[in-house]
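Visitor: Each chain is listed here by its residues.
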Amino acid sequence: MMKEEVLSVLVSNHFGVLTRVTNLFGRRGFNIKALSVGETENPAFSRITIITEGDEQTLNQIQKQLSKLEDVKKAVIIPDDLLISRELLLIKVSADAENRPQLDALISEYSAKIASQQSDCLTLELTAAPEVLNLFIEKMRSYGIMEMCRTGSAALALGTQTVYHDAK
Amino acid sequence: MLMTGAQILIQSLIDQGVKVVFGYPGGAVLNIYDALYEKQDEIRHIITSHEQGAAHAADGYARSTGKTGVAIATSGPGATNLVTGIATAYLDSVPMVAITGNVALDLIGRDSFQEIDITGITMPITKHNYIVKDVSELQGIIQEAFVIANSGRPGPVLIDIPKDVTASKAEYVKAEKYKPRTTPAPCGKEIEAAVEAIKNAQRPLIYAGGGVVIADAASELLALSELIHAPITASAMGISAIPYDHPLYLGMIGMHGTPVSNKACANCDVLIAVGARFSDRVACNRKNFAANATVIHIDIDPSEISKNIIAHLSVTGDAKTVLEKLTTALAPEENTEWVTSLMDYKARRTLPAPPADGHVNERDILQHIKEMYGGDAIIVTDVGQHQMIAAQYYQFSRPRSFISSCGLGTMGYGMGAAIGAKTGNPDRPVILITGDGSFHMNMNEMACAVSENLPIIIMVMNNRVLGMVRQWQRLFYKCRFSNTSINRATDFVKLAEAFGATGFRIESEDQIADTLKKAASVNGPCIIDCVIDCDDGVFPIIPPGGTREDTIYSNDGK
Numbered sequence: 001m002m003k004e005e006v007l008s009v010l011v012s013n014h015f016g017v018l019t020r021v022t023n024l025f026g027r028r029g030f031n032i033k034a035l036s037v038g039e040t041e042n043p044a045f046s047r048i049t050i051i052t053e054g055d056e057q058t059l060n061q062i063q064k065q066l067s068k069l070e071d072v073k074k075a076v077i078i079p080d081d082l083l084i085s086r087e088l089l090l091i092k093v094s095a096d097a098e099n100r101p102q103l104d105a106l107i108s109e110y111s112a113k114i115a116s117q118q119s120d121c122l123t124l125e126l127t128a129a130p131e132v133l134n135l136f137i138e139k140m141r142s143y144g145i146m147e148m149c150r151t152g153s154a155a156l157a158l159g160t161q162t163v164y165h166d167a168k
Numbered sequence: 001m002l003m004t005g006a007q008i009l010i011q012s013l014i015d016q017g018v019k020v021v022f023g024y025p026g027g028a029v030l031n032i033y034d035a036l037y038e039k040q041d042e043i044r045h046i047i048t049s050h051e052q053g054a055a056h057a058a059d060g061y062a063r064s065t066g067k068t069g070v071a072i073a074t075s076g077p078g079a080t081n082l083v084t085g086i087a088t089a090y091l092d093s094v095p096m097v098a099i100t101g102n103v104a105l106d107l108i109g110r111d112s113f114q115e116i117d118i119t120g121i122t123m124p125i126t127k128h129n130y131i132v133k134d135v136s137e138l139q140g141i142i143q144e145a146f147v148i149a150n151s152g153r154p155g156p157v158l159i160d161i162p163k164d165v166t167a168s169k170a171e172y173v174k175a176e177k178y179k180p181r182t183t184p185a186p187c188g189k190e191i192e193a194a195v196e197a198i199k200n201a202q203r204p205l206i207y208a209g210g211g212v213v214i215a216d217a218a219s220e221l222l223a224l225s226e227l228i229h230a231p232i233t234a235s236a237m238g239i240s241a242i243p244y245d246h247p248l249y250l251g252m253i254g255m256h257g258t259p260v261s262n263k264a265c266a267n268c269d270v271l272i273a274v275g276a277r278f279s280d281r282v283a284c285n286r287k288n289f290a291a292n293a294t295v296i297h298i299d300i301d302p303s304e305i306s307k308n309i310i311a312h313l314s315v316t317g318d319a320k321t322v323l324e325k326l327t328t329a330l331a332p333e334e335n336t337e338w339v340t341s342l343m344d345y346k347a348r349r350t351l352p353a354p355p356a357d358g359h360v361n362e363r364d365i366l367q368h369i370k371e372m373y374g375g376d377a378i379i380v381t382d383v384g385q386h387q388m389i390a391a392q393y394y395q396f397s398r399p400r401s402f403i404s405s406c407g408l409g410t411m412g413y414g415m416g417a418a419i420g421a422k423t424g425n426p427d428r429p430v431i432l433i434t435g436d437g438s439f440h441m442n443m444n445e446m447a448c449a450v451s452e453n454l455p456i457i458i459m460v461m462n463n464r465v466l467g468m469v470r471q472w473q474r475l476f477y478k479c480r481f482s483n484t485s486i487n488r489a490t491d492f493v494k495l496a497e498a499f500g501a502t503g504f505r506i507e508s509e510d511q512i513a514d515t516l517k518k519a520a521s522v523n524g525p526c527i528i529d530c531v532i533d534c535d536d537g538v539f540p541i542i543p544p545g546g547t548r549e550d551t552i553y554s555n556d557g558k
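Here the protein sequences line up with chains A and B, keeping their order. Residue numbering for the first sequence follows our numbering, starting at 1 and increasing by one per position. Residue numbering for the second sequence follows our numbering, starting at 1 and increasing by one per position.
Hints are computed from structural coordinates only; laboratory data are not their basis. The beta carbon of each residue, even a glycine, is placed where N, CA and C say it ideally should be. Heads up, some of the hints might be wrong.
Unchecked claim - Here are the computed lysine-lysine pairs in the DSS-like style, where the Cα-Cα straight-line distance is at most 25 Å:
(1) B:K307 x A:K73
(2) A:K64 x B:K189
(3) A:K68 x B:K307
(4) A:K73 x B:K133
(5) B:K370 x A:K74
To be verified - Listing some non-contacts, in silico: residues in chain B with all C-beta distances to chain A over 10 Å:
(6) I108
(7) M123
(8) K127
(9) I148
(10) Y172
(11) E226
(12) D269
(13) I305
(14) R349
(15) Y373
(16) N444
(17) R548
What the hints assert, rightly or not - To be clear about the criterion: a stretch of chain A counts as covered by chain B if any three or more of its residues have a C-beta under 8 Å from a C-beta of chain B, and this derived list gives those stretches:
(18) 54–63
(19) 67–73
(20) 152–160
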């Protein structure tokens, strides 16, 4: 059975590490649905968050193969019940006097922000769980999406346990 | 002490216990070779004919000795020429450190002369690789490379060093020889579960892989087998770990395995896989493999567990430790009925015997080699029919005696590997079994073997065709022999002489013993051209993706 999971990967913060990680996904035929990367509070480490999909055996392989990379200090799948996941969306939609009231209502409903507005278009900003972004994007379609950009998820697990637990 | 990067590199190799390196000089490694010149009394450099040969030599050295093989090449083409050798070592878990020069830092990224992104190229075929951008990091990186190459499941590590880094100076401090990282002790619960399953087994089977050789666990494996009365089969990587005449040994498993091994695998109720990875040449059909068994997978690499075959139980850890723990926890068992039925089948369903028609047959040659050298010989092979026949028929009795590219299947591996094996084992006879196809790929290394005066006996199984591919064309492509009847005009005796070596030819069976004796007395490499039948095949064969029921036993497809 195929399942979507959030992988949190703590890696050494130096050049080439992201290539090693994505190269592994490529050559073993693993799927990357979204990816985000950034520094952590410790300048020695970066954190890569990957949304991936596979059956149980594949997900298990992804985690184990990643753990074998020298630059990967820890790779964990964050369980659904502990997952806090947020993603940023920037979306540019056509706007005019006629549709503006409806757009404003949606902006307010989703707690989105107006990042920039021109006479004929709005650039909206929304930070939320990825599935909320999906709903918002669907709602925007009828207004004419000119372009959009998603960052990929940032994710942490609930509670006091951290990715540093048992890290190499 | 302040030293140049090149001096630090060479001194660090010496610190890590390296006695010999295989390589080829070039522009980007001039500083490195200059530093080698200073230390030529402490570290031996063997210059091969081609960088690929150097990589295979480092590999053959490592497989036959258990030490780390080291290869050096220049930037660009020198580095890319190592690639096949590094991949070969990666697939068979061979500890290797490959060192490449690169162009100076300010020339990198500009498509400069002989510049290549070798760390990018070798990322999927190394355990780890480095490009050293700061000379002060070099010493630490070299030691770390040896640690990585030898920790857990061994494998190749590449260090790419730009030319200016080999020239600039840094402080060198005498370093200790590397210590591999400690492998975590196997989990007690995993051991308990495995013990419980083995206790309840009526028809246990042990499947040994290359991990048994690497972990030096051959005697522990035999101890477990004897204690629980479990027959043993092995992958090509594992065959040298089990003495051919052990009463519980069934022979090789898989595509060209013995009929009894594949029968045992189909019928066992518990399969204990040790340091093996269920490759498609073993588990030809993944879904049907050991279908009636609880699979217990013992491996040092956690990612091997349930990669190819779902393991019902597993123990992650060093094979030697895990086998010892299992043996301690288990009591003697008797599975007489199971073992007797298999041994009866083994005696009935033997591998095909060579016809007694006076013609030269590799199977007879292998028997003669065994009779002549006992357990001493190191058998190196290339890839193809001759390789599988050697795996099937040679009577091994000592681990690290079968040096063969089993995972990548690299034709052209043998000549370099034999140079490495002989360099690492000057007192053991090294016999290269090769084919005319494989030998043509890298026979340039004869020049190196002659320069180093290495007494390697090279037996070219000369059938004038690419035998294994031709066999598949016969069986699976309706005898459409596309581009496999190479029929080269090469005279291997004259070729040997042209290289400054000695050549012999065997054209009938009665010449085998005498020629082997003559070859043994030659002080230097010799080629024996063994003229064999182009229609000989490797049997049995399970077609790719097939099961035991699909086994083919002869050229007529049955």
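Visitor: Would you mind marking each hint as holding or not holding in the structure?
Guide: Tested hints:
1. Pair hint K307 of chain B plus K73 of chain A holds up; C-alpha atoms about 22 Å apart against a cutoff of 25 Å.
2. The suggested pairing of K64 of chain A with K189 of chain B holds, with an alpha-carbon distance near 20 Å, which does not exceed 25 Å.
3. Restraint check for K68 of chain A and K307 of chain B: the C-alpha separation of about 14 Å stays at or below 25 Å, so the hint holds.
4. Restraint check for K73 of chain A and K133 of chain B: the C-alpha separation of about 22 Å stays at or below 25 Å, so the hint holds.
5. Among the hinted pairs, K370 of chain B with K74 of chain A is inconsistent with the structure: their alpha-carbon atoms are about 50 Å apart, more than 25 Å.
6. Under the 10 Å C-beta cut-off, the non-interface status given to I108 of chain B relative to chain A holds; the minimum distance is some 12 Å.
7. With a minimum CB-CB distance of about 5 Å to chain A, M123 of chain B fails to clear the 10 Å threshold, and the non-interface call is violated.
8. Not every CB of chain A lies more than 10 Å from the CB of K127 of chain B, the least distance being 7 Å, so the non-interface label is violated.
9. Not every CB of chain A lies more than 10 Å from the CB of I148 of chain B, the least distance being 6 Å, so the non-interface label is violated.
10. Residue placement check: Y172 of chain B keeps its beta carbon more than 10 Å from all beta carbons of chain A (closest about 23 Å).
11. Non-interface call for E226 of chain B relative to chain A: holds, since the shortest CB-CB distance, roughly 33 Å, exceeds 10 Å.
12. The Cβ of D269 of chain B lies farther than 10 Å from every Cβ of chain A, with a closest approach of about 23 Å, so its non-interface assignment holds.
13. Not every beta carbon of chain A lies more than 10 Å from that of I305 of chain B, the smallest distance being close to 8 Å; the non-interface claim is violated.
14. Residue-level check passed: R349 of chain B sits 35 Å from the nearest beta carbon of chain A, beyond 10 Å.
15. The claim that Y373 of chain B is not at the interface with chain A holds, since no C-beta of that chain comes within 10 Å of its own (minimum 39 Å).
16. Look at N444 of chain B: its CB is around 31 Å from the nearest CB on chain A, clear of 10 Å, so calling it non-interface holds up.
17. At the 10 Å boundary, the C-beta of R548 of chain B stays outside the reach of chain A, the nearest C-beta of that chain being 25 Å off.
18. Against chain B, the region 54–63 of chain A contributes 3 residues with a C-beta closer than 8 Å to a partner C-beta. That satisfies the three-residue criterion, and the hint holds.
19. For the region 67–73 of chain A, the stated coverage by chain B is satisfied: 5 residues place a CB nearer than 8 Å to a CB of that chain, which reaches the threshold of 3.
20. Residues of the region 152–160 of chain A lying with their CB closer than 8 Å to a CB of chain B number 0, which falls below the three-residue condition for coverage.
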